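Student: Sequence:
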Amino acid sequence: MRITRTLTGLAITAAFVATAPLAADAATGPSDAVATTTVAKNWGSYYAPGRAAKAFGSLTATGEDHEDLPTADTVKISGKVYDLTRSRSCGWAVFRITYRSGNNLPFKHGVVRDCSYGSPKKFAVKYHDVYQVELKVCSEPKAAQPSLNCLYAGTWKVLYLSK
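Mapped onto mature numbering (1 follows the signal peptide of the UniProt record, and there is no 0), the consecutive letters of the sequence shown carry residue numbers -26 to -1, 1 to 137.
Keep in mind the hints are simulated off the structure, nothing from the lab. Just so you know, these numbers come straight off a predicted model, no measurement behind them. Treat each hint with caution, since some may be false.
Stated by the list, open to error - In silico lysine-lysine, BS3-like type, Cα no more than 27 angstroms apart, as pairs: (1) Lys54 / Lys100; (2) Lys116 / Lys96; (3) Lys116 / Lys82; (4) Lys96 / Lys54; (5) Lys100 / Lys131; (6) Lys96 / Lys131; (7) Lys100 / Lys15.
As the list claims (entries may be wrong) - Taking CB as the label site, the calculated pair distances span: (8) Val13 / Ser90: 26 to 36 angstroms; (9) Tyr91 / Thr11: 37 to 47 angstroms; (10) Ala14 / Arg62: 32 to 42 angstroms.
Think of the CB as a built atom: it goes at the ideal place given N, C-alpha and C, for glycine as much as any other residue.
I would like the entire structure built from these sequences, with the hints used as guidance.
Tutor: And the structure:
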């Protein structure tokens, strides 16, 4: 009698273990419906070293897709950049946008520059298939592009990461 109960219990447990993954796959399997999510958040104030420039604003990510590589269909970034020095330097907000291209995640830089002390520069930009958005605030002389020191020295602040 004892052996029969033990064998029956083992058989029921084995049957449950064998069918549980199938039920879980059916419950979480692919769906025809596309979930549209929106992530909106404010970021900043972030400062350049020595508080010579600052930037703040908001970020809205819509249509996150997690099938192959997690990306947002559209990311809108808006805000203001301030030059906080009275000298000839400018305040720079440099965005590093990592986006999806096929199965790769390359990045590009978006740059906003303000060289007018006391009056901020407003900006609004939109990017597509975005995986990550990072920011660095620098204070440097007026130029067409930020220096390599601004781009590659120091740390980037993560504003958005698709998960």
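Student: Checking against the hints above, which ones are violated?
Tutor: Violated: none.
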